[in-house]
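Counting in this note's numbering, the sequence shown runs from 4 upward without gaps.
These aren't lab readings, by the way, just hints derived from the structure by calculation. Even for Gly, the Cβ is constructed at its ideal location relative to N, Cα and C. Watch out, some of these pointers could steer you wrong.
[Unchecked claim] Distance windows between CB atoms, simulated:
hint: 1; residue 1: Cys7; residue 2: Ser68; range: 18 to 24 angstroms
hint: 2; residue 1: Ser57; residue 2: Ala30; range: 38 to 44 angstroms
hint: 3; residue 1: Arg27; residue 2: Glu63; range: 17 to 23 angstroms
hint: 4; residue 1: Asp4; residue 2: Arg28; range: 37 to 43 angstroms
hint: 5; residue 1: Ile67; residue 2: Arg26; range: 14 to 20 angstroms
hint: 6; residue 1: His23; residue 2: Lys56; range: 30 to 36 angstroms
hint: 7; residue 1: Asn59; residue 2: His23; range: 20 to 26 angstroms
hint: 8; residue 1: Asp4; residue 2: Glu63; range: 31 to 37 angstroms
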Amino acid sequence: DPACVLLPSSTEEVSAILAHCARRRIAVVPQAGNTGLVGGSVPLYDEVVLSVKSINKHFEFDEIS
């Protein structure tokens with residue numbers, strides 16, 4: 004089970020959460036669509052789940068990068 008589920012509402016909040024977790028060496032499991040097709044976003048231990056489903060934005064895609 005996850006330690007907690009975080010639901011940021013902006014990319015700034017995502018950045019702050021990731022910086023906080025990195026400083027404290029807290030494992031993070033990102034979740035978006037959460038379809039469960041490959042099990043890649045399923046927490047195994049006590050990681051923090053970072054769900055971005057509440058961020059309703061379109062992002063630009065840089066094809067060159």
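For this structure, which hints from the list above don't hold up?
Checked against the structure, the hints that fail are numbers 1, 2, 3, 4, 5, 6, while the rest are satisfied.
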